[in-house]
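Chemist: What follows is each chain in one-letter form.
Number of protein chains: 2
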Amino acid sequence: MDDPERRLVASWRANARAWTRSVREGRIESRRVATDRAILDAVRGLGARRLLDVGCGEGWLARELAQEGVTVVGFDGSRELVVRADQAGGGRFHHLTYAGFAENPSRLGDGFDAVVCNFSLLSEDIGPVLRACRAVLAPHGALLVQTVHPVLGGSEPPYQDGWREERFDALGEGFRSAMPWFFRTLATWIRELREAGLQLHECREPLSPTTGVPLSLLLVASPGPDPGGEPC
Amino acid sequence: MDDPERRLVASWRANARAWTRSVREGRIESRRVATDRAILDAVRGLGARRLLDVGCGEGWLARELAQEGVTVVGFDGSRELVVRADQAGGGRFHHLTYAGFAENPSRLGDGFDAVVCNFSLLSEDIGPVLRACRAVLAPHGALLVQTVHPVLGGSEPPYQDGWREERFDALGEGFRSAMPWFFRTLATWIRELREAGLQLHECREPLSPTTGVPLSLLLVASPGPDPGGEPC
Numbered sequence: 001m002d003d004p005e006r007r008l009v010a011s012w013r014a015n016a017r018a019w020t021r022s023v024r025e026g027r028i029e030s031r032r033v034a035t036d037r038a039i040l041d042a043v044r045g046l047g048a049r050r051l052l053d054v055g056c057g058e059g060w061l062a063r064e065l066a067q068e069g070v071t072v073v074g075f076d077g078s079r080e081l082v083v084r085a086d087q088a089g090g091g092r093f094h095h096l097t098y099a100g101f102a103e104n105p106s107r108l109g110d111g112f113d114a115v116v117c118n119f120s121l122l123s124e125d126i127g128p129v130l131r132a133c134r135a136v137l138a139p140h141g142a143l144l145v146q147t148v149h150p151v152l153g154g155s156e157p158p159y160q161d162g163w164r165e166e167r168f169d170a171l172g173e174g175f176r177s178a179m180p181w182f183f184r185t186l187a188t189w190i191r192e193l194r195e196a197g198l199q200l201h202e203c204r205e206p207l208s209p210t211t212g213v214p215l216s217l218l219l220v221a222s223p224g225p226d227p228g229g230e231p232c
Numbered sequence: 233m234d235d236p237e238r239r240l241v242a243s244w245r246a247n248a249r250a251w252t253r254s255v256r257e258g259r260i261e262s263r264r265v266a267t268d269r270a271i272l273d274a275v276r277g278l279g280a281r282r283l284l285d286v287g288c289g290e291g292w293l294a295r296e297l298a299q300e301g302v303t304v305v306g307f308d309g310s311r312e313l314v315v316r317a318d319q320a321g322g323g324r325f326h327h328l329t330y331a332g333f334a335e336n337p338s339r340l341g342d343g344f345d346a347v348v349c350n351f352s353l354l355s356e357d358i359g360p361v362l363r364a365c366r367a368v369l370a371p372h373g374a375l376l377v378q379t380v381h382p383v384l385g386g387s388e389p390p391y392q393d394g395w396r397e398e399r400f401d402a403l404g405e406g407f408r409s410a411m412p413w414f415f416r417t418l419a420t421w422i423r424e425l426r427e428a429g430l431q432l433h434e435c436r437e438p439l440s441p442t443t444g445v446p447l448s449l450l451l452v453a454s455p456g457p458d459p460g461g462e463p464c
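Going down the list, the protein sequences come from chains A and B.
Numbering-wise (this note's numbering), the first sequence opens with residue 1 and increments by one.
Numbering-wise (this note's numbering), the second sequence opens with residue 233 and increments by one.
Hints should not be assumed to be uniformly reliable.
Stated by the list, open to error - Chain A stretches covered by chain B per the calculated footprint, using a threshold of three residues with CB under 8 Å from any CB of chain B:
id, stretch
1, 186-193
2, 208-216
As the list claims (entries may be wrong) - Here are some of the chain A residues that sit facing chain B, going by a computed Cβ distance under 7 Å:
id, residue
3, E103
4, P158
5, C203
Stated by the list, open to error - Reference excerpt, derived from the structure (chain B facing chain A, CB under 10 Å, subset only):
id, residue
6, R324
7, V380
8, E388
9, R396
10, G429
11, E437
12, L439
13, L450
If you are wondering where the hints come from, they were derived from the structure by calculation, not from laboratory data.
Keep in mind the model is a prediction, meaning the values are calculated, not measured.
Here a beta-carbon is modelled for each residue, glycine too, at the ideal position from N, C-alpha and C.
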């Protein structure tokens, strides 16, 4: 499983320019018609004033929320994307790997009202980063995870956890590498949250306004009892 | 919405004989290949000794569990099905509507290790019955809800709550009435549990061994903080 993880990291380096253009030109239909608004509405619903954007990419969420007075700290494992985020402004952006975050969760601050992972949990082992998210949440805070909806991501049976590959075919030219990403079932998402000491209390399923198909799964969780060390 | 509720109740009266035969002859493929075992395994995993079977139908779950020493109390809104359950044995069976259960949850006992709703939450308004389930659970107890998986039940877009109709076409002759049932999205299931003071802590998604498609959603919840009266 080491190979897809390495290719995942490498893909963001290779595609940083094309990805940034795709986001900023609104080329990703699902984001344009449903999922950008879904995550913004979820943040607004929390009334969050300080937010950590995990896997911030080129920084669009921070730019949107900055206009509403939210203080955003973002980090990403891709230096290429962080540079672009920083140039566009809207928050404080840091180059930090998920492993680095997991090792010392509060290095970018803690007591956040909200921690957001917006289509940014793409690895197979997400336990450490989820526990780090929990560690930097305020007691009243919430973790928001937006991800591929099992109805879509699992549409090729068998419906089970595993690596998939995104080829960015719908986004035009400029992408130099496919991106491996780890699909997990609903059952696994719920287990991952629980094992990280996070309590799921809501999910949202934004629909395509044209097809009526869910375009994402948005999980809202809050800190539960401390799970201790590694889950058993 | 009153009409489908009435037709739902009437369908179980009309189909009691055909349904009983279908269950006892193993005609329902999804049950045979996956979902019967899923609910049995979930009960076994809890180590439950006293169990309330909500919407017990013709009583197969009680008969299975009785062989393992579990004491089962079952009830169903269909007198026709309860009579058949009683004749076959395996538990104590009662004719009781869901409204009657909601009105006085402990009339059949309380402090259950497990309360099971196995494909038996078919109405639109399930809040009262869920709150009643919570009320009769022991503090360590768990509610098990097995239901249609959103991937399947929502396969006709738009993916949204609403009445569907089961025609029993795959089960042979003898069915005299279609059955209206209320489909709810994953988001709605999670909200319903929370509003009833139940805390989702696990879900299972048993797959078809041949197609790899999930044949049900099995939710495991435990009593959370008292939700008070009606949810806001």
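Chemist: A separate judgement is required for each hint: does it hold in the structure or not?
Modeler: Verification of the supplied hints:
no. : hint    : verdict
1   : 186-193 : holds (count 4)
2   : 208-216 : holds (count 4)
3   : E103    : 28 Å, violated
4   : P158    : 3 Å, holds
5   : C203    : 5 Å, holds
6   : R324    : 33 Å, violated
7   : V380    : 13 Å, violated
8   : E388    : 9 Å, holds
9   : R396    : 15 Å, violated
10  : G429    : 12 Å, violated
11  : E437    : 5 Å, holds
12  : L439    : 6 Å, holds
13  : L450    : 9 Å, holds
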